[in-house]
Amino acid sequence: MAAHDHHTHDGHQTHGHGHPELGFWRKYVFSTDHKIIGVQYAITSLTFLFFGFCLVMLMRWQLAFPGKPVPLIGGLFGETMMPGGVMLPEFYNSLGAMHGTIMVFLGVVPLLVGAFGNYVMPLQIGAPDMAFPKLNMMSYWVYFVGGIVMLTGFFVPGGAANSGWTSYAPLSVVSQVSRNMWFTGQTIWLLGMVFLITSSLLGSVNFIVTIIQLRAKGLEFFRLPFFVWAQFVTAFLLLLAFPPLEAAAVLQLMDRVAGTSFFMPTGLVVSGQQGHWTGGGSPLLWQHLFWFLAHPEVYVLILPGMGIVSEVIANNTRKPLWGYRVLVYSLVFLGFMSFIVWAHHMFMTGMGTRMAAFFATTTMIISVPSVVILTALLLSLHGSCIRFNVPMLFALAFLPMFAIGGLTGLPLGLPAPDIHLHDTYYVIGHFHYVVVPGSIFAIFAGIYHWYPKVTGRKLNEFLGKLHFWGSVVGANLVFMPMFFVGMAGVSRRLYDQTVYQHGANVQTLTQISSFAAWFFGLSQIPFIINFFASIRAGKKVSDNPWEATTLEWATPTPPPHGNFPVIPVVYRGPYEYSVPGASRDYVPQNVTA
Amino acid sequence: MSSAALPYTVEPHPLTGVYSGKLGTWLFLASEVMLFGALFSSYVLLRVGAGDAWPSGEATHLSVPIGTFNTLVLIVSSVTMVMAWASLKMGNLAKGRMFLALTIALALVFIVVKLLLEYIPKFRGHHLPSTNTFYALYFTMTGLHALHIIGGIVVIGYFLFPGAALWRTDPEYYTNRIECTGLYWHFVDLVWIFLFPVLYLT
Amino acid sequence: MAGGHADVQKHVKAYLGVFVALAVLTVVTVLASKIHFGSKAANITIALLIATFKASLVAAIFMHLRWERGASIWWTLLICAAFFAVLMSVPSLTVFELPKQAIFQMWDVAPPVPGGH
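Line by line, the protein sequences are chains A, B and C. Once you know that position 305 of the first sequence is 305 in the working numbering, the rest is easy, because the numbers rise by one and skip nothing. Once you know that position 202 of the second sequence is 202 in the working numbering, the rest is easy, because the numbers rise by one and skip nothing. Once you know that position 105 of the third sequence is 105 in the working numbering, the rest is easy, because the numbers rise by one and skip nothing.
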């Protein structure tokens with residue numbers, strides 16, 4: 001059972017470089033080296049990200065031109081999904097549920113934590129590897145299997161899960177269930193979640209122990225790069241918030257497969273017939289257990305991104321970050337608060353005013369540390385000499401975009417406006433602003449920033465700028481109209497908004513989003529070309545091309561097994577840029593005087 | 001020391017005072033607390049919502065003597081587990097392995113009793129998870145707990161047989177891994193200490 | 001864990017002592033469940049209190065917390081306890097917020113009519 005292999009880890013390797021050369025499979029496929037595992041996570045999650053994007057492109061056609069056959073590829077989907085090329089509502093729902101699930105659990109988090117966290121964090125703390133390398137490998141493969149399991153949903157009768165990424169009962173329990181055929185997409189979704197959650201749990205144990213135990217000598221907690229702090233807090237969120245969802249997924253599995261009624265109320269009638277559940281359960285129970293995870297999960301989506309952006313900003317302003325301690329305290333406070341705001345996703349479930357007031361209050365409070373972090377990053381720009389390279393462009397764009405995402409969350413966090421905005425496109429606009437020009441831009445910044453450390457070459461600047469400008473313009477054109485579509489009353493998860501007058505009135509805005517999505521997608525092409533071409537043809541650079549201070553730049557390129565030929569000793573903080581009296585405008589952490 | 005070796009796998013970290021495996025195990029147990037906590041939380045919610053209709057005492061068809069017996073079996077297995085570690089700490093591999101084997105034996109008794117004397121009679125008597133939410137919770141909570149016991153049996157079995165080879169090359173490391181396994185095992189016992197009164201006695 | 005043979009020998013005494021305590025307390029729990037302490041809630045509270053005491057014995061002695069110097073482990077337990085408490089607040093947020101009938105009717109029992117039949 002995966003849960004127990006945390007006991008195993010690389011034994012005492014007192015042999016240094018004398019151990020026998022590993023074969024291809026042990027070196028590149030079943031590797032225990034955090035860097036290889038990081039690259040594996042990156043390749044897999046970028047692929048899932050692309051796939052999730054393709055899913056939503058299908059949806060965007062249906063939204064822009066409801067009932068019209070999908071051009072070119074419409075015929076490929078068969079009668080059960082798109083008869084005559086016209087998307088069925090059930091298939092639309094599957095696309096929506098799987099888009100959300102794939103982007104959150106198979107794309108963004110594995111990229112931010114599994115890829116960036118795994119590759120960069122041990123280097124930044126001066127460690128030879130993670131604390132439990134074999135466990136690390138297991139985390140990746142359990143994630144990989146979970147991803148495959150999730151995808152098989154598309155290929156079983158009835159199609160993939162179609163009850164939203166939130167899988168609310170009772171719909172998720174009755175959906176695609178019959179006494180004869182229970183191995184359906186919705187059930188597969190739950191099985192896939194169990195794998196993914198397990199992978200996350202194993203990974204978070206590894207991250208926390210590594211950061212606590214394997215920091216280089218002299219690297220006290222308040223000398224850690226902010227990226228490491230972000231990964232540290234994120235790991236705690238994953239460790240403690242995911243298990244309730246794992247429990248809930250097991251309960252929902254039981255409801256679907258064993259006929260239990262954990263989430264099924266008594267007397268439920270589905271499509272005119274009595275269900276076969278005895279009842280006595282509570283749909284609200286699922287919502288509580290789901291959001292208990294899913295709220296901290298959205299902080300998991302953003303915190304590592306803030307960490308990446310901080311590194312890029314410090315490096316390209318040639319200044320220390322403004323308010324490092326304030327940033328750290330805000331981060332920790334944010335992590336703690338994220339556990340007590342979850343019911344702001346449930347304001348419309350009929351809760352009383354007392355409970356609503358409590359969660360509205362905590363939600364308002366949690367916006368404070370977010371704003372503090374954003375302000376500190378903005379103030380870090382003041383008086384600096386900004387280098388406008390591609391990573392910095394993405395990092396700079398992150399700031400106002402995250403601000404828009406955060407600010408638009410405020411009316412959602414207050415019960416009164418939430419009455420009008422809940423479950424509308426306004427919500428979709430809000431969270432996509434935070435995740436797309438927020439997290440994904442941070443991911444892009446990280447890729448451009450750390451690519452030279454992984455490959456020894458820089459990504460092409462011109463293609464990078466094309467990618468950047470297209471993405472910024474595209475993302476805003478896709479998601480800004482959604483606020484207005486939502487305020488007009490168009491609900492989310494809606495296959496065809498034009499059946500309602502209020503929806504038809506704003507159909508043009510929806511079409512703008514769809515066209516802009518194509519523009520956004522096309523803007524990724526320079527990036528994809530750049531990513532692959534630069535491996536061979538990119539400009540070769542030194543070990544520290546950005547003239548950065550943090551420890552990952554003190555290794556050879558790419559870092560060898562064991563990372564540091566000599567374990568570094570740290571003498572100073574992480575952002576000693578433009579120190580008065582120093583010979584250069586940066587002093588690396590591991591340099592003595 | 002070679003840079004490829006991982007420090008603090010055996011000797012404790014000078015500042016934190018622990019070796020990495022132990023910290024990792026405690027963190028994992030914290031996540032397990034949240035896992036079972038979610039189930040207990042669900043239990044409270046569903047039970048309070050049911051009011052007086054919730055089966056209690058005789059109506060649960062749960063045998064208190066059997067539950068008590070199983071509780072004592074697990075408690076003894078916790079003792080044998082910690083004695084295994086203590087024996088290894090005192091350098092006695094044979095005694096350590098004997099206690100590990102006893103732990104597995106007791107765990108198997110627990111599982112067999114649960115399966116043969118509790119689950120199967122219930123299924124035969126048409127007391128299924130789908131019958132009502134009490135049974136749903138009973139089977140799910142004890143079932144998940146039993147899966148954890150089986151997992152523990154697998155891990156202890158590994159250290160009893162193939163894993164014991166580590167004693168020859170690095171006895172302290174082996175002892176530490178038994179300590180970590182013990183922590184997990186005591187936690188599983190802990191969960192049962194709460195499950196038993198909640199399900200059988202209230 | 002520090003200590004040579006002498007330390008571990010002392011621990012062995014503690015282990016056996018705790019074993020006896022746990023066995024006795026198990027019997028006590030079962031006997032206490034047969035006595036009616038007023039309300040169901042009181043019985044449950046007493047059962048949980050005994051269970052908590054048993055659990056702390058296991059944690060302190062079997063799991064070596066009594067001798068644990070690692071601060072990071074104590075921090076882990078503290079953070080875990082805090083969020084566990086939050087998780088256990090979920091039932092009260094649901095059940096005590098709304099009248100029972102509004103969320104779920106249970107079983108085959110007719111819901112209580114306000115003011116009686």
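Calculated directly from the structure, the hints in this document are not laboratory data. You may find that some hints are simply not true.
[Stated by the list, open to error] Below, in silico cross-link-like pairs of lysine-lysine (DSS-like), each with a Cα-Cα straight-line distance of 25 Å or less:
hint	chain 1	residue 1	chain 2	residue 2
1	B	K122	C	K10
2	C	K10	B	K114
3	B	K95	C	K13
4	A	K539	A	K458
5	A	K68	A	K134
6	A	K465	A	K540
7	A	K319	A	K465
8	B	K95	C	K34
9	A	K540	A	K458
10	A	K134	A	K27
11	A	K458	A	K319
[Stated by the list, open to error] Away from chain C, derived, C-beta distances all over 10 Å, residues of chain A:
hint	residue
12	Y28
13	V39
14	G75
15	P89
16	L191
17	S282
18	H288
19	R318
20	A343
21	C385
22	G456
We put the CB at the ideal spot given by N, CA and C, even for glycine.
How the hints compare with the structure:
no. : hint                 : in the structure
1   : K122(B) with K10(C)  : violated, 45 Å
2   : K10(C) with K114(B)  : violated, 35 Å
3   : K95(B) with K13(C)   : holds, 17 Å
4   : K539(A) with K458(A) : holds, 5 Å
5   : K68(A) with K134(A)  : violated, 51 Å
6   : K465(A) with K540(A) : holds, 19 Å
7   : K319(A) with K465(A) : holds, 24 Å
8   : K95(B) with K34(C)   : violated, 41 Å
9   : K540(A) with K458(A) : holds, 7 Å
10  : K134(A) with K27(A)  : holds, 13 Å
11  : K458(A) with K319(A) : holds, 23 Å
12  : Y28                  : holds, 34 Å
13  : V39                  : holds, 30 Å
14  : G75                  : holds, 47 Å
15  : P89                  : holds, 29 Å
16  : L191                 : holds, 24 Å
17  : S282                 : violated, 5 Å
18  : H288                 : violated, 5 Å
19  : R318                 : holds, 35 Å
20  : A343                 : violated, 7 Å
21  : C385                 : holds, 40 Å
22  : G456                 : holds, 37 Å
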